[in-house]
Amino acid sequence: MEKQMFTDRFASVFGTESFFKKQKRIALKNCGLIDPENINDYIYADGYKALGTVLTKMTPKDVVETVKASGLRGRGGAGFPTGRKWELTAQQESDEKFVVCNADEGDPGAFMDRSVVEGDPHTVIEGMAIGGYAIGSSKGVVYIRAEYPLAIKRLIKAIDDARKENFLGKNILGSNFSFDIEIRYGAGAFVCGEETALIRSIEGLRGMPKSRPPFPAAKGLFGKPTLVNNVETWANISSIIVNGVDWFSSIGIDKSKGTKVFALAGKIVNTGLAEVPMGMTLREIIYDVGGGIPNGKKFKAVQTGGPSGGCLTDKMLDTKIDYESLMQAGSIMGSGGMIVIDEDSCMVNIAKFFLQFTQDESCGKCIPCREGTKRMLEILTRITDGEGKPGDIEKLEELGNVIKKASLCGLGQSAPNPVLSTIKNFREEYEEHVYQKKCRAVVCEKLITYTINDKCIGCSACRRACPVVAIKGAPKEAHSIQQELCIKCGKCFRSCKFHAIDKTSEAKEQK
Amino acid sequence: MHTTLHHNQQEINNQLKIFIDEIKKRERSDSHLITILHKAQELNGYLSKEIMDLVAEEMQIPTSVIWGVATFYHYFKLSPIGKYNISVCMGTACYVKGASEVLETIKETLEIEIGETTEDMMFSLQEARCIGACGLAPVAMINDKIYGELNPKKIVDIINKLKEEALEEEKIVQ
Amino acid sequence: MSTVKIFINNKEYNVDSTYTIMKACDEIGIKIPRLCYHPKLSISSGCRICIVEVEGMRNFVASCSYPVSEGMKVHTNTDAIRQARKDILELILDNHPKDCNTCVRDEVCELQQLASSIGLRERKFEGVLRTPFVDASSPSIVNNHDKCILCGRCVRVCAQIQNVSAIDYANRGFNTVVVPAYNNPIAESVCTLCGQCVNICPTAALTEQNYTKDVFSLLNDKTKVKVAQIAPSVRVAIGEAFGIKPGNNMAREIVHALKLLGFDYVFDAQFSADLTIMEEASELLERLNGHGKLPMITSCSSGWMKALEQFYPELIENVSTCKSPMSMLSSVVKSYFADKIGKKPTEIANVAIMCCVAKKYEAKRPELAMEDGNPATDYVLTTRELAWMIKSAGIDFKNLKGMDFDAPLGFSTGAATIFGVSGGVMEAAVRTAYELATKSKMENIDVIAVRGNEGIKEGAININGTEIRVAVANGLGNASKLFEELKKDPNKYHFIEVMACPGGCIGGGGQPYAGIQDLPFDPKLVNERAKALYSSDEKNTIRRSHENPSIIQLYKEFFGKPLSEKSHKYLHTHYKQKFPKGILRKSGKEAK
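Chains as they are written, first to last, in our numbering: chain A, 1 to 511; chain B, 1 to 174; chain C, 1 to 592.
No lab work stands behind these hints: they were computed from the structure.
As the structure is a computational prediction, the values presented were derived from the model and not from experiment.
Take the hints with a grain of salt, since some may be wrong.
To be verified - Residues of chain A placed beyond 10 Å of chain B at every Cβ, according to the derived structure:
no., residue
1, S115
2, K164
3, S201
4, K219
5, K315
6, L317
7, Y323
8, I341
9, D392
10, Q413
11, K491
12, R494
Said to hold, decoys possible - Here are the simulated BS3-like pairs of lysine-lysine, each with C-alpha atoms no more than 25 Å apart in a straight line:
no., chain 1, residue 1, chain 2, residue 2
13, C, K581, B, K24
14, A, K395, C, K213
15, B, K17, A, K497
16, B, K49, A, K153
17, A, K389, C, K86
18, B, K145, A, K153
19, C, K391, C, K213
20, A, K224, B, K25
21, A, K491, B, K161
22, B, K49, C, K213
23, B, K145, A, K164
24, C, K581, B, K39
25, B, K161, A, K153
26, A, K170, B, K17
27, A, K497, B, K107
28, A, K157, A, K68
29, A, K157, B, K145
30, B, K49, C, K581
31, B, K25, C, K86
32, A, K224, B, K161
33, C, K213, B, K25
34, A, K503, B, K24
35, C, K581, B, K17
36, C, K581, A, K389
All C-beta atoms in this analysis are idealised placements derived from N, C-alpha and C, irrespective of residue type, glycine included.
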């Protein structure tokens with residue numbers, strides 16, 4: 001079953017020719033092409049060549065310099081220069097250092113890390129070993145979501161196999177360098193993707209972030225210098241070593257080199273993972289790679305960066321995909337979630353969805369995030385429930401700004417983004433909800449009017465489904481809904497097999 | 001992280017103790033608390049007060065700390081769960097493609113809310129964060145198995161089939 | 001010390017390079033508002049009240065944890081910062097009951113004072129409140145969950161200072177609560193009831209179980225003889241509740257106020273402190289002579305007694321069988337004194353004014369009850385509760401003339417006074433034990449080695465040619481360290497004093513709340529209280545418990561001699577293991 005799933009997704013990745021043509025695969029280079037449970041497949045595909053090169057021909061400093069020169073930036077979200085992070089950790093004097101792989105992928109709608117670990121676990125192991133050599137660490141930890149059983153299984157096997165072949169363990173490949181990796185499991189807390197929270201979790205504690213400085217590079221896991229990178233970042237390392245800095249930095253643009261894996265989802269023809277060179281425009285990835293919007297619907301927005309990101313409009317479709325351009329446009333690269341939204345989606349509801357997520361995942365340590373996201377969610381909920389009050393939109397902005405600027409960690413600092421960016425780009429939809437009690441996408445339940453049209457055959461299914469007896473009509477005769485009784489639960493709509501119930505949302509007169 | 005049903009609490013405790021003894025041999029064994037709680041849940045089905053007391057005693061970690069960790073992470077279950085644990089993915093892709101309708105249907109069919117278990121201990125219902133199967137959205141995970149491209153009708157069919165399966169199993173046992 | 005040049009609000013300063021922004025600002029006289037920060041605890045930076053602007057940083061930074069660096073430009077009072085602080089504080093208040101007027105911490109609430117100084121004047125974001133829930137299961141401490149703002153100071157004090165970890169955060173996000181394990185009530189937890197969490201709580205989320213209403217009713221009960229007793233530490237702290245600077249001994253004013261409140265007799269727990277020394281010093285000598293386990297450990301501190309029963313059952317035999325001075329005095333009042341005034345024990349009510357919340361629990365221990373099954377001590381009030389009663393009854397405390405304690409249970413020595421300070425019981429016991437054993441005068445009775453505010457203190461006294469090694473621990477965290485040492489070398493000490501609270505009773509959980517300018521268990525505050533007690537000892541003409549004429553009379557008339565059958569009946573007790581069993585966090589492990 002699990003194996004089946006992976007191949008399904010693989011098929012969806014390679015399904016259409018154009019989908020594949022514009023992609024450039026580095027992190028995903030082996031995914032789907034090799035047997036992830038066979039180390040020889042990986043070795044055959046130049047695997048562990050980089051580790052060999054590093055151990056025999058390069059000093060740790062050379063490795064750090066190479067990663068620095070490549071221009072690689074963290075693929076987990078913030079885009080911090082990877083080489084700089086390595087350098088900072090390498091510079092620390094300590095009897096013990098750690099290399100950590102963040103595989104606590106948590107953005108709803110993103111699954112690139114899972115795919116890499118499931119499809120090519122050795123590339124992560126190799127990257128970590130190289131990182132260990134570069135910063136002078138002999139201990140690696142992979143922190144992975146417990147919800148990823150197949151990835152865990154394959155990773156365990158890969159680590160075992162790598163040990164047998166002496167790619168891990170004592171005196172790797174006859175060198176003086178020893179390095180091993182252990183696995184720690186997450187337990188369902190999105191905030192643990194934040195590196196200080198992740199470290200707390202590995203230490204066996206509640207995953208509550210700590211303020212920085214000190215940064216993990218100086219004082220991380222067990223108080224020791226720690227290098228944390230995410231799966232996709234680690235998966236880039238061996239290719240950089242094998243193919244060289246020039247090759248890598250030739251891909252992408254200015255400050256964003258290489259590729260980025262995106263998880264295309266939502267209202268798009270080709271859903272799945274796509275690895276594209278940095279600098280490609282949103283339009284190219286949505287229409288050329290993703291195949292555009294299905295069912296002839298109109299594009300409305302694209303959401304990038306998951307719950308930490310923002311929604312961009314059709315006017316921004318020519319924005320280049322790189323850290324700075326996305327930030328400038330009001331969103332972020334994030335870990336690579338990309339959700340396409342068509343006219344059937346309500347932007348207020350989308351913002352509420354993301355905020356609900358971050359509010360639920362807030363660790364509760366700092367006040368702006370714990371209390372502020374709750375209040376924002378309450379305001380959004382009343383707006384979508386048709387109870388929005390004048391001033392609510394402004395309150396959302398005020399709260400959003402203080403949460404952004406005063407929260408302790410990245411989760412809180414970015415939690416208001418989906419709301420602030422939709423207010424900025426779709427303010428009229430908010431205003432319609434608040435002042436006209438109208439949801440133009442006909443999504444917000446409480447703003448919907450249900451009416452029965454002439455397709456009704458009088459089967460009475462809706463009448464039976466209605467919990468408040470708001471539907472009248474004799475069997476085999478057209479039914480009707482008494483609007484003053486209707487509680488807008490939608491049960492009648494779900495029960496009708498004849499498309500005889502219409503959902504509409506029109507501007508209402510203000511009392 | 002498969003759930004095994006044991007009838008003998010003593011046996012579960014013994015297995016957990018053996019597991020903890022192995023952990024205690026490692027350096028910084030305290031840091032393995034989450035690993036141990038995973039194991040405890042795997043053996044016991046959920047984290048009971050008694051099982052957490054045992055972890056506390058064996059690891060010499062204060063119970064308040066263990067309770068703090070167990071309640072922080074949503075993966076840990078603090079009450080028994082049903083034979084079939086249904087997790088409906090509420091990730092963005094699934095949400096956009098109608099996961100909430102699927103969820104509503106399950107609630108109506110089983111007459112339980114999120115986090116609850118049916119009286120016959122057959123079904124439990126949870127919301128899940130993205131389980132990384134966005135290509136098949138909307139999806140639900142029942143125990144370890146993933147069901148994709150769901151709609152209200154499909155999920156009702158699946159639930160009915162599982163009920164039948166359980167009945168069959170009972171007959172065989174008898 | 002290397003320094004860096006930084007700019008605070010556009011002015012240049014040279015500050016220690018190891019400082020945080022907050023510390024640097026403190027030093028130059030700018031007190032940045034703060035809430036979750038406490039100098040004795042690990043830094044949480046969760047409340048975000050102490051945020052400041054640092055030029056070049058995208059977001060505000062928490063000044064409590066952010067280190068200074070060369071050339072840094074800090075702004076502490078810009079419009080943006082003031083607005084953000086206001087918003088954050090409002091977010092706290094939006095999830096807090098609006099009952100300041102009727103709250104027990106009205107006027108002494110850190111949150112209220114913060115809101116006033118930040119200038120919060122309107123509320124904009126109101127919504128649902130955290131689930132109200134009151135845990136009043138314990139006779140000592142009440143947890144009002146709806147008033148909790150999750151600053152976590154209680155969690156940290158419990159884990160880091162006391163090494164008890166009775167409470168921790170549970171759940172997460174908006175649903176976070178501070179509770180004992182399994183959401184159990186405090187009474188069913190490992191809580192030692194030391195009350196340090198009450199002291200450090202900025203709001204009324206953690207308070208003592210309040211008995212003032214019962215005591216007011218009692219005072220109107222004409223059928224009872226009302227007897228009050230006060231602990232040494234109460235007299236040097238109560239003034240703070242009336243705006244008098246710390247370190248004033250106000251014993252006479254308290255006696256006067258208690259009389260005005262309606263008490264018939266006011267006795268001194270210092271009298272029974274002398275009595276405790278008589279028994280305990282004798283017990284020590286017995287043990288040194290091979291009768292009983294060594295080291296002997298003191299038993300005055302109620303918080304420590306509960307910790308003993310839950311965390312250290314293996315040490316029960318080492319603990320002195322002496323009751324605490326409070327329980328001794330209550331027993332004596334209801335036996336010896338009852339006879340004297342011709343009353344039945346049931347016609348007398350004992351009210352103890354203590355610096356302690358754990359004593360409320362001690363009073364209810366069944367093993368300390370009188371023969372008739374009634375408690376020896378009827379009510380225990382904290383210093384805070386008494387201060388409130390005095391105010392409530394309209395007594396002009398500051399201008400009282402003052403009165404003496406009543407005879408015969410009101411006279412005490414200097415040795416008894418210092419019971420309130422960590423090391424005091426030890427020092428008092430040594431004075432008496434030495435002289436009882438050697439039958440000669442001790443030359444220098446100031447046992448300096450066991451004074452001061454270090455967590456663990458050691459000393460040695462030569463008695464009849466034998467070196468008696470002693471140790472003193474204050475704060476249960478320090479006690480746990482000391483006992484770990486003891487495990488390694490069980491013969492290291494002969495006599496150990498343990499006080500549950502940092503600084504001893506003067507730092508007790510029932511002492512007046514610190515004002516907004518002072519911090520709870522601020523060492524400076526505790527030192528002032530300690531100084532006052534030591535100076536009272538010094539001024540006293542009698543400084544040895546066995547020289548207290550009232551004590552001598554009591555033995556003559558009632559007990560015979562220390563450790564007599566009668567004294568065992570009224571002055572001694574036994575402890576037994578209690579569940580749930582406490583688990584100590586291993587040493588060397590960073591907590592929270």
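So, going through the hints one by one against the coordinates:
no.	hint	verdict
1	S115	violated, 8 Å
2	K164	holds, 21 Å
3	S201	violated, 7 Å
4	K219	holds, 16 Å
5	K315	holds, 21 Å
6	L317	holds, 19 Å
7	Y323	holds, 21 Å
8	I341	violated, 7 Å
9	D392	holds, 23 Å
10	Q413	holds, 20 Å
11	K491	violated, 8 Å
12	R494	violated, 6 Å
13	C/K581 - B/K24	holds, 21 Å
14	A/K395 - C/K213	violated, 45 Å
15	B/K17 - A/K497	violated, 56 Å
16	B/K49 - A/K153	violated, 30 Å
17	A/K389 - C/K86	holds, 23 Å
18	B/K145 - A/K153	holds, 15 Å
19	C/K391 - C/K213	holds, 14 Å
20	A/K224 - B/K25	holds, 21 Å
21	A/K491 - B/K161	holds, 24 Å
22	B/K49 - C/K213	violated, 38 Å
23	B/K145 - A/K164	violated, 32 Å
24	C/K581 - B/K39	holds, 24 Å
25	B/K161 - A/K153	violated, 29 Å
26	A/K170 - B/K17	violated, 31 Å
27	A/K497 - B/K107	holds, 20 Å
28	A/K157 - A/K68	violated, 31 Å
29	A/K157 - B/K145	holds, 21 Å
30	B/K49 - C/K581	holds, 14 Å
31	B/K25 - C/K86	violated, 51 Å
32	A/K224 - B/K161	violated, 53 Å
33	C/K213 - B/K25	violated, 56 Å
34	A/K503 - B/K24	violated, 61 Å
35	C/K581 - B/K17	holds, 19 Å
36	C/K581 - A/K389	violated, 54 Å
In terms of the numbered hints stated before, the structure departs from hints 1, 3, 8, 11, 12, 14, 15, 16, 22, 23, 25, 26, 28, 31, 32, 33, 34 and 36, listed from lowest to highest.
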